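Enquirer: Chain by chain, the residues:
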Amino acid sequence: MQVFLVLAPVFLFLIVMLAVGFIIQKQSEKDRAVNFSKDYFIGGRSLGGFVLAMTLVATYSSGSSFVGGPGVAWLRGFGWVYLAMTQVLAAFLVMGVMGKKMAVISRKIDAVTVIDVIRVRYQSNVLANIGAVLIVAFFCGTMVAQFISGANLFAAAAGINYTLGLFIFAAVVVAFTSVGGFKAVAITDTICAIFMLVGLGVLTSAILTQGGGMSAIMATLKTQPQMLEPTSGGTIPVRLLISFWMLSGVCTLGLPQSLVRNMSYKNSRSLHQAMIYGTIVVGAMMLGMHFIGVLSRGVLSALPEGGTTDSVMPHLIVTCLSPVMAGIAIIAPLAAAISTVSSLLIAASSSIIKDVYQHSVEQSGAPVNQKTVAKFSVIATAIIGLACIVVALKPPSIIVWINMFAFGGLQTAFFWTFLLGFFWKKANTAGAFLSMVGGVFAYCYSMWAKIPLAGFHQIVVGIGLGLVLFIIGSLIGKPNDEKILKLFFPETYPEGAKIEIPERI
Amino acid sequence: MAKMSYREKFIQMNKEAKATWVVAIILIAFWWIAGFGTAGMDYTLFQMPGWFVLSCFGIWILSIVLVWFLTSKVFQDFSLEDDDTTGKE
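Protein sequences, first through last, are from chains W and Y.
Each residue of the first sequence is one higher than the last, beginning at 3 in our numbering.
Each residue of the second sequence is one higher than the last, beginning at 226 in our numbering.
Heads up, a few of these hints could be off.
Which bits of chain W does chain Y cover? Going by a derived footprint, with three or more residues having C-beta under 8 Å, they are [claimed, not checked]:
#1 100–106
#2 122–131
#3 220–231
Distance ranges between label pairs, derived from CB positions [to be verified]:
#4 Asp483(W) to Ser304(Y): 20 to 30 Å
#5 Asn239(Y) to Leu7(W): 53 to 63 Å
#6 Ile236(Y) to Ile507(W): 40 to 50 Å
#7 Val135(W) to Val299(Y): 37 to 47 Å
These are computed hints drawn from the structure, not numbers from a lab.
Bear in mind the structure is a predicted one, so any value in this text is a computation, not a measurement.
Glycine included, every Cβ here is placed at the ideal spot set by N, Cα and C.
Sequences and hints are given; from them, build the entire structure.
Expert: Here it is as structure tokens:
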């Protein structure tokens, strides 16, 4: 009975996710017959402000925002909340700086993926293909990691074994994403974000009650004075904080899963609203979840037996809440994982189908058959998803590495490529190539070889070297075609200058 | 909704991007000053360490206010569609 009460809300939630996928598929039939990719990979540029904000934030917030981070906050105290607040930029920066230019240009050149934009801006198939490969590799690594943590949570809550947990949980995500496409991802992300906020509320009130109120909890915390300091007794050095302002603050602008959303919204008003909603929600989630982590120290004084800081949140959910409430609260971290995986899955599939397959068909001069693209896209999405499930069954150690490289690696690859490509006229193919290849290599190598950087995170190397290489390449290499520059920098030409759409390469 | 040429849109978008960076810099500065800047002072707010409440709840509220300001005062409403006829044959 206990288990059933916990599981009922979770299963209901998974069924809703599936239903959204199939309903969207039904509704989109007409649009998909005309231009399949535009509907399936970018939702036909129809998102309103609320959904845009929620899908961006839900995709950004992964299982680690709901399990890993709060667990560390339980250990380190208020200093870890302080560090987590660097993420306050994650919603508005990418939309405010890149949002409109990407929307205007992607409409002009009919782009539906971030790689489409790179291909046109830098006129290079080599660069586009490297970008597509990096996206697929890093996204798949992240998906496997999210599957593992989601399945662990689900299995623990349901009292079933890991393998069964993985199949149920992951199969639902793969199913609704492959049939529903981007629009289903955006809608389910929105539902996920709402459940993440509900879980946050339920947990906060439960922990405050269980801990005997704020004063009792604070009295417990005062016995661990380092938990009240911003550096947590020196365990969170200032250099780490500077690194986090890059990794989870400024450089989130370069995450392709965020950038692609800039091409998916309806009009400028949607973007303005999304910037406000997104900032409210990302701040609430990061502040709320990590704050709960600290407060839970008043309820749980030592790690559960045999557990790590990752076991803190699941343990609290099971011990502090009634079965039904536990079922509702456990949805929050599951929703965080689901919303991240679904977005990465549809984007990885777009890289393979739109950026590689469809592009090669167009290149050969053959007409693009919408029905064939449709069939291949759905199959590709399902296959990538299923492959990640199989890998998650018995993850090889390489996956751990790829997942570790993924977040900063994606930023290193795309931060300068997009920022400078849109705002620096001299940015050219040689610069972008050197920066993407050299930066990602340096980032991954320094991480793998554990090169000590005096307390800084490796992102400083990736982004720093990426910038230097970009500038060198751009100054040495030849500038991009005048046609391209007129399209991306019309403000540097007289009013009325002729804007041509560059030929497809 | 403002009617703009393709070129005018880019001038406006550059302005919006710059203003967004300014907001980001203000937030980062606020975070350091409110956090490390006041951590030495021994004060509490709502029973919690003062530096924590001021910096963490503060940056959240400040970010909402500043982004509201951005989108309502700096950002302009214009068509994203390719409806610009200037320069077309």
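Enquirer: Now look at each hint and say whether the structure bears it out.
Expert: Cross-check of the supplied hints:
1. 100–106: holds (count 5)
2. 122–131: This one is violated; 0 residues, fewer than the three required, reach chain Y with a Cβ under 8 Å.
3. 220–231: Per the Cβ count (3), the hint holds.
4. Asp483(W) to Ser304(Y): 20 to 30 Å: The hinted range 20 to 30 Å holds for aspartate 483(W) and serine 304(Y), with Cβ atoms some 27 Å apart.
5. Asn239(Y) to Leu7(W): 53 to 63 Å: holds (56 Å)
6. Ile236(Y) to Ile507(W): 40 to 50 Å: Once the Cβ atoms are compared, 29 Å apart, the range 40 to 50 Å for isoleucine 507(W) and isoleucine 236(Y) is violated.
7. Val135(W) to Val299(Y): 37 to 47 Å: holds (38 Å)
The structure fails hints 2, 6 (numbered hints given earlier, in ascending order).
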